[in-house]
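There are 2 protein chains.
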Amino acid sequence: MISKNKLKQIKSLSLKKFRQKEQLFLVEGDKNVLEVLHSPIRVQELYATETFLTAHTGSLSGAKQVNEATQEEIKKASLLKQPQNCLAICEIPPAGELPQKPEGLSLFLDGIQDPGNLGTIIRTCDWFGMEYLFCSPDTADVFNPKVIQASMGSFCRIKTVYTPFDTLAGLFNQTQIPVYGTFLEGKNLYTENFPVSALIVLGNEGRGIRAEIEERIDFKLNIPSFNHNSRRAESLNVAVAAGIICSEFKTHSK
Amino acid sequence: MISKNKLKQIKSLSLKKFRQKEQLFLVEGDKNVLEVLHSPIRVQELYATETFLTAHTGSLSGAKQVNEATQEEIKKASLLKQPQNCLAICEIPPAGELPQKPEGLSLFLDGIQDPGNLGTIIRTCDWFGMEYLFCSPDTADVFNPKVIQASMGSFCRIKTVYTPFDTLAGLFNQTQIPVYGTFLEGKNLYTENFPVSALIVLGNEGRGIRAEIEERIDFKLNIPSFNHNSRRAESLNVAVAAGIICSEFKTHSK
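Residue numbers (numbering that gives the first Met the number 0), protein chains in the order written: chain A, 0 to 253; chain B, 0 to 253.
The following block holds chain A by itself, in its conformation from the complex (with noise of 0.2 Å):
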């Protein structure tokens, strides 16, 4: 069962405040649980239905302490719209660090609010076989439940790391690796050639790239849109707009 001091806590993890007090965050969904069950990151509590338990003896090593709770309880304390079968208190890991040498693709988002397109772009990362996600400091928490949520377990292989753009850039241009960016006056993403090692950078959802970062980097891109009246959709959705990008970078390298 779900205590009622235990139901707080749980509901109290919505906010950042207490995730970073607790050093917990909460882990919702079947397909996210049983992601973290299987991952490095530590599983203080699982709470689940005895049919979740029942189907999944496999994988509950992975938790520290295991309780059956009804599906009305797990309801109760969950923070989804359609809660599922289980629930998971979580450690937050280390703070991940910087590589020492970058290889590959990555992405640098600058103050992206969006909890639910910061979880579909670390999906994204992770289709594309990323290793990192850089974020700004000010970009939404990565272990905010909604971002978890949208992310669909692949929180657990990202290394998210929080950065100042400053410092990033420093460890790429050292690296010789370029930095890329989406602007209006950019070239046309479809006609260019990537290198295999690339920063994209992506920018916040109402102001775009901040001008101290937009100095910083070295190739200016451009999607044209392919509506050609004069009222139409300025721009794409963050994440769509990376997916795109990621998806050219991929299939035009040289």
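Treat the hints as calculated values from the structure; they're not laboratory data.
One should not assume that every hint holds.
Since the list gives no way to pick one copy over another, a pair counts as held whenever it fits inside one copy or between any two copies.
To be verified - In silico EDC-like cross-links for lysine to aspartate or glutamate, where the CA-CA straight-line distance does not exceed 16 Å:
{"#": "1", "residue 1": "Lys5", "residue 2": "Glu71"}
{"#": "2", "residue 1": "Lys30", "residue 2": "Glu233"}
{"#": "3", "residue 1": "Lys30", "residue 2": "Glu204"}
{"#": "4", "residue 1": "Lys30", "residue 2": "Glu214"}
{"#": "5", "residue 1": "Lys5", "residue 2": "Glu67"}
With chain A's structure known, arrange chain B on it following the hints.
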């Protein structure tokens, strides 16, 4: 000002049954509201701050009734986390009809559930210059405030038509426009060439494309992953997948 009764009415528009009963929907966010004021959609009532009204005098004729409201009142009425300076109560336009002769690229959504995904896909359709978006009757409602929000004004331009797939497939068969869908066993998206006119089916977030619909798909495609580890993202978010597929169709058409 916003009266108590009006506040209640606005809040009720978060639910489909009230939207259907009143044939009204809510548009929030400055950009969305400005777009709807310039569209053929009828705006019954606009509530906006003095600052917004002064800044956009040229757009106000798009609303039947214009009301000044304080930021506090708009915040109270808003369904958003970060309310902006205005909200509009709009009339649900008559249900869209199928085109006589479809042309160019269009999508069919087979039971997309997440309003954010639907809104993002509408925005993507607009970006790629599509005219129509077809949805199965069990797809999320386009007039859900979260869909409107995520579409960033594109809901004003894309003709969203709810239709059983059978009817649509009949139309596309008749006009000899091929129907595509993504499946694990499909052909590599990145090595195919595509016709200028096509219908692309996108499956539900959890279960993918229904078996009855799969049967009627002419060409099966696969978006290959670039992650070769055994544990990796099993799929992309559906809105990201839509963006990548549309991007490939538009840049690799014969």
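Structure-based check of all given hints:
1. Lys5 - Glu71: Classified as within; 15 Å inside a copy, 35 Å across copies.
2. Lys30 - Glu233: between (35 Å within a copy, 11 Å between copies)
3. Lys30 - Glu204: Answer is between; shortest inter-copy Cα gap is 13 Å, intra-copy 28 Å.
4. Lys30 - Glu214: Close neither inside one copy (41 Å) nor across copies (28 Å); limit 16 Å.
5. Lys5 - Glu67: within (14 Å within a copy, 46 Å between copies)
In this structure, the one hint that does not hold is number 4.
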